[in-house]
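J.: What follows is each chain in one-letter form.
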Amino acid sequence: KAGVTQTPRYLIKTRGQQVTLSCSPISGHRSVSWYQQTPGQGLQFLFEYFSETQRNKGNFPGRFSGRQFSNSRSEMNVSTLELGDSALYLCASSFLGVSNEKLFFGSGTQLSVL
Amino acid sequence: QQQVKQSPQSLIVQKGGIPIINCAYENTAFDYFPWYQQFPGKGPALLIAIRPDVSEKKEGRFTISFNKSAKQFSLHIMDSQPGDSATYFCAALEETSGSRLTFGEGTQLTVNP
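In order, the protein sequences belong to chains A and B.
Counting from 1, position 55 in the first sequence corresponds to residue 55 in the working numbering; the numbering is continuous, with no gaps.
Add 1000 to the 1-based position in the second sequence for the working numbering, that's all there is to it.
No wet-lab data here; the hints were simulated from the structure.
Check each hint, because a few of them may be wrong.
To be verified - The calculated SDA-like cross-link candidates involving lysine to any residue, where the alpha carbons are at most 25 Å apart (straight line), are:
1. B:Lys1015 x B:Asn1112
2. B:Lys1042 x A:Gly16
3. B:Lys1042 x A:Ser107
Unchecked claim - A few chain B residues that don't get close to chain A, going by computed Cβ distances all over 10 Å:
4. Pro1008
5. Gly1017
6. Asn1022
7. Pro1034
8. Glu1059
9. Ser1065
10. Lys1071
11. Ser1085
12. Arg1100
13. Val1111
14. Asn1112
15. Pro1113
Unchecked claim - Just so you have them, the derived chain A footprint on chain B, three or more residues with Cβ under 8 Å:
16. 1010-1016
17. 1101-1107
For glycine and all other residues, C-beta sits at the position ideal for the given N, C-alpha and C.
Same shape as in the complex, but just chain B (with noise of 0.2 Å):
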């Protein structure tokens, strides 16, 4: 049971472009949304994280978007460069669930030079 749809499944941009994935989810007991970056051979590492009583956040060139009524959210990475490339995951987490996160498929970013 997936929970969390992430697309699209690949992504190809320039340097500079504006990367966009989303995210929609069905539980409404999900009360945090994180974003994750994960290189090859690499574990995930947290990017950023919403809540959902907030509609927008910014972290450096990173940006969610979050529409609550609609459930769904989305990542947009600004001037986006070749380092960016990397394997995208959203994930979603319910407040009583501890550390239980429910991970969107996951999206591959590839930036060309």
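Next up, chain A with everything else stripped away, as it sits in the complex (with noise of 0.2 Å):
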């Protein structure tokens, strides 16, 4: 059984761009979360798709945003780029996600802002 994948691996933006990340969730989860990491802050949760609508959201400006589609598949984006949005973005999925549930997580995009 495959993993959670996530793409790219890397990528180096500058600022004001936009960049959005992809991830594809264990095949028959249907939750995906998006988490940031960086040396400074940890690891911070951005938000959670379930059944392609946002069910949480965490303490993040609007420039960072989500979508999940049909076969729940994620993507996020993010706006008008800054350089503290240097970090790992990491993406896990769990079949329903509910509390003592597994998570998984995959290996993040991490993102450069020059």
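With the hints in hand, could you dock these two chains into one complex?
T.: Below you can see the structure in the form of structure tokens.
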């Protein structure tokens, strides 16, 4: 069974640009959540999607958005990139996204903003 | 607002030692407490998890101890091996918050041969 797949693995952008990251969850998983990981702030929750609907949102500005498709694949978008957006963006999936359910993480997309 | 505090930030032990990582939380609505292990270049992977109605849980060489009244929990790694060298994160989850994990700051563990 394939794990959570994130593409691209690495990305370099400049300030002001926008970026789209992709996540393919484990087959059968309907919940996809996104996290930002930085050395200074650690792992922070961005948002969660379930059956194409955003179910939870973290404390990030509106420049961060996402969506989920009918096949459960998800994308997140960051517009007007800032230097501080440089981070490892992690996607995680689970069947239903409920408490005590095992969450599977991808290896992430490393975004560098210059 | 850091709702889960983790210590120490880094830890070095000898092979066979028992590293202990501690976490404290404030939000009493948290009801699920997982620990994740992360190797460089990889995403976090679930190690073991506990609910607050249990004071201890063991899985292989990994043990969680939970103190509900003190709002603290800890991870013990028995007979640690060099392959256990990784970053460990504690986390907490509210039952009604889906997959919204609140993570601790992380502990970088090094196990020397």
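J.: Output the indices of the hints that this structure fails to meet, ascending.
T.: 2, 7, 12 and 16
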